[in-house]
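J.: Chains A and V, in that order, are what the protein sequence lines are.
With the working numbering applied, the first sequence corresponds to residues 1 to 274, in that order.
With the working numbering applied, the second sequence corresponds to residues 1 to 392, in that order.
Please keep in mind that the hints were generated in silico from the structure rather than gathered at the bench.
Heads up, a few of these hints could be off.
Below are the SDA-like pairs computed for lysine to any residue, each with C-alpha atoms no more than 20 Å apart in a straight line [to be verified]:
(1) V/LYS266 / A/GLN140
(2) V/LYS292 / A/GLN130
(3) V/LYS330 / A/ILE127
(4) V/LYS266 / A/TRP135
(5) V/LYS292 / A/TRP25
(6) V/LYS172 / A/ASP3
(7) V/LYS240 / V/SER282
(8) V/LYS292 / A/ILE127
(9) V/LYS330 / A/ASP3
(10) V/LYS292 / A/ASN147
(11) V/LYS330 / A/LEU137
(12) V/LYS292 / A/TYR133
(13) V/LYS228 / A/TYR133
(14) V/LYS172 / A/TRP25
(15) V/LYS228 / A/GLY26
(16) V/LYS228 / A/ARG152
(17) V/LYS228 / A/TRP25
(18) V/LYS228 / A/LEU137
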Amino acid sequence: MVDIWNVAILDPVLNGLIALSQMLWGNFGLAIIVLTVVVRLILMPLTFRQTKSTKAMQELQPKMQELQKKYARDQKKLQQEMMRLYKEAGINPLGCMWPMLIQMPIWIALYQSIMQALAATPENLLILSQHLYPWDLVDQAIPLNENFLGLRLSQPDPTMILAILVGLTMWVQQKMVTPPATDPRQQQMSSMTTMMMPLMFAFFTLSFPSGLALYWVVSNIIGIIIQYFVAGGWGYFNFPSFRQPRPQTQPQSATQKAAEQPSKALKEGDKKKG
Amino acid sequence: MRKVRNLIRVVILLGLLLLVFVSGCMPGMGGGCSGAQAQGWSSFAPYNELICFGSMEGSVIALNPKARSEGKAFPAETEWIYAIKTATPGSACGAMCAPSSAASGKGIYATPLVIDDLIFEGTYTGKVYALNASRGVVRWIYPREGFETVGAIVGNIITDGKALYFGSANGKIYALDAVTGDFIWEFQTSNKIWTAPVLDNGIIYVGNYGGNVYAIAAETGREVWSIKIPSAVASSLAVKDQLLYFGTFDRNLYAIDKADGTVKWKYLAGNWFWATPVIRGSTIYAACMDNKIYAIEAADGKEVWKFEGDGQMVSTPAVTDNHIFAVSEKGTLYKLDITNGTMISSVSVGYTVYGNPYAEGDMVYIYARDHKVYAVDTVKNHVDWDFSSEIK
């Protein structure tokens, strides 16, 4: 299993990354950025589908809430009605997960490639030798230059700048796709989810090689850009300094926004299809 | 419903995270999240009846093979251990995390150097220790207390009897007074040095990861000449007569003129020549990571014979008058006929081996990745005794 993984996925990505580094004047930081962009571009159709599927699910929320109120005491009926609603809207409730699952092996391979290519210890260099293709570009690139913009890509960033960037970009990306909830308890859970991931990754960044953190930052920024253009704006992300807080009317306007914005996005999508 | 969905989302996200890190940390998939830890792979240096080595736990250990063979408790008779104080890997998330610095690993890579009654050891934490070879007591440490370390020392320390010379991961070659440990000079190269320099007629030769080979005057630390080759230098250099020999990351074994660095010949193999070439008579014996041991004519680079083992040949073989003792990365020790490369016998220790085998009489000593020293009797063809360096 491990051999299949190495031969089919890890080794091509690893060697591609190293060869790319050699083509980019031996700059491994640039290679990470370029490869992340290339991979995300290749996966763009999947990302679009995932984003649209998520949007469509969000659009159904008002109707879902109605169903929940209507069948609060009959869970079986509620499930049936929900499935009927999904079917009518042409949505597979698990459909938005597939693109994410398909992308996972590529993310894992990218992650492993970065870790292996940098070969921080002598043992790592020996392990790396087992994965290299006999290409001149690869031969001449080894061992890689780990310095990039003042960072040592095989070492954690001591300045915490990358940790902040990773956390911030991930938080923005999460905020763009997370609709505000009407229920305070749901709101609390939603906020926790939105905060937890960025904090976890920021924490990891403090300990993991900065080459990996660079990959996360670039990947997040591309994610934000895709989200911006697919959803037609910043989505549910509010710039705190631009808006006056209105606690009493916030839940209502948020609900309206949750219902309206996806409809708008879908309509635009329909127009394009037409 | 939304609550359930949020919960599912949290579970999925955490699951994804776990999957990424777990899959990245599987040994077969890359040797851990941040790769393999810096454990070290020191070989052995003889001192009287002792064999001395740097352990994967960061100690210098002197073993008495006779006492080990008799199964005595360690330390017995003249044996000793000196535990080097090292920085704790500064990771907040345990083994999953990268070390806080390149030099925070505890293991020792360099084989100790013995001069008279002193034993010298360079560490991955960037220090050189001079110990009393008979008792394991510190004579001096460089850099002195309060000064910054010099960068990871992976290659062996060499000497001309008066001074010590070694390369460091900070790209510098250092010269120290062997008796006092005082700094004499340093020479900055263009890139990391993970190999040992070689000394010949007052000139130090060393290669680095920038693809440069330098000739430096041992007396003054001044550059005599330097050359740039297409790939980084993978192995330590060996010198014989007029030529220098070394392996590179473009899978070549190079022979260059020691007078000016002119390339005389190169031999292309299937992987890196990571181990230091060994020269005996007019032949070079070079272990290659394409699983083979090559015997090559030193003068013109023509292949004499080759032998293929069961795994990568990472370590430098021990060469005696009649035999070559080579260990594969899979832990198989091969005894080869030096004239034609025919295998005479083989013994497996069953664990990964990166360190060089050390031959003394009929015995060959191997330090494997299971933290054990194996004493292999190459006549009876079995492991005579083993010793774990994980001493509690």
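J.: If a hint holds in the structure, say so; if it does not, say that too.
T.: Hints, one by one, checked against the model:
1. Distance hint between V/LYS266 and A/GLN140 is fulfilled; the C-alpha atoms sit about 16 Å from each other, no more than 20 Å.
2. The suggested pairing of V/LYS292 with A/GLN130 holds, with an alpha-carbon distance near 14 Å, which does not exceed 20 Å.
3. For the proposed pair V/LYS330 and A/ILE127, the alpha carbon gap of about 13 Å is at most 20 Å, so the pair holds.
4. For the given pair, V/LYS266 sits about 18 Å from A/TRP135 by alpha-carbon distance, which is consistent with the 20 Å threshold.
5. A threshold of 20 Å between alpha carbons decides the hint, and for V/LYS292 with A/TRP25 the separation of about 33 Å lies outside it, so the pair is violated.
6. For the hint pairing V/LYS172 with A/ASP3, the CA-to-CA distance comes to about 39 Å; that exceeds 20 Å, so the pair is violated.
7. Note on V/LYS240 and V/SER282: the hinted pairing holds, with a Cα-Cα distance of about 9 Å set against a maximum of 20 Å.
8. At roughly 17 Å between alpha-carbon atoms, V/LYS292 and A/ILE127 fall within 20 Å of each other, so this suggested pair holds.
9. Under the criterion of a C-alpha separation no larger than 20 Å, the hint pairing V/LYS330 with A/ASP3 is consistent with the structure, at around 17 Å.
10. For the given pair, V/LYS292 sits about 34 Å from A/ASN147 by alpha-carbon distance, which is inconsistent with the 20 Å threshold.
11. For a cut-off of 20 Å, the pair hint linking V/LYS330 to A/LEU137 is broken: about 29 Å separates their Cα positions.
12. Between V/LYS292 and A/TYR133 the CA atoms are separated by roughly 18 Å; this keeps the pair inside 20 Å, and the hint holds.
13. Taking the CA atoms of V/LYS228 and A/TYR133, the gap is about 23 Å. The hint is violated against a cut of 20 Å.
14. This hinted pair does not check out: V/LYS172 and A/TRP25 have alpha carbons roughly 24 Å apart, beyond 20 Å.
15. Distance hint between V/LYS228 and A/GLY26 is fulfilled; the C-alpha atoms sit about 16 Å from each other, no more than 20 Å.
16. With a C-alpha separation of about 24 Å, the suggested pair V/LYS228 and A/ARG152 falls outside the 20 Å cut-off, and the hint is violated.
17. Between V/LYS228 and A/TRP25 the alpha-carbon distance is near 17 Å, which keeps this suggested pair within the 20 Å criterion.
18. The straight-line distance between the Cα atoms of V/LYS228 and A/LEU137 is roughly 17 Å, inside the 20 Å bound, and the hint therefore holds.
Hint compliance for this structure: hints 5, 6, 10, 11, 13, 14, 16 are not met, and every other hint is.
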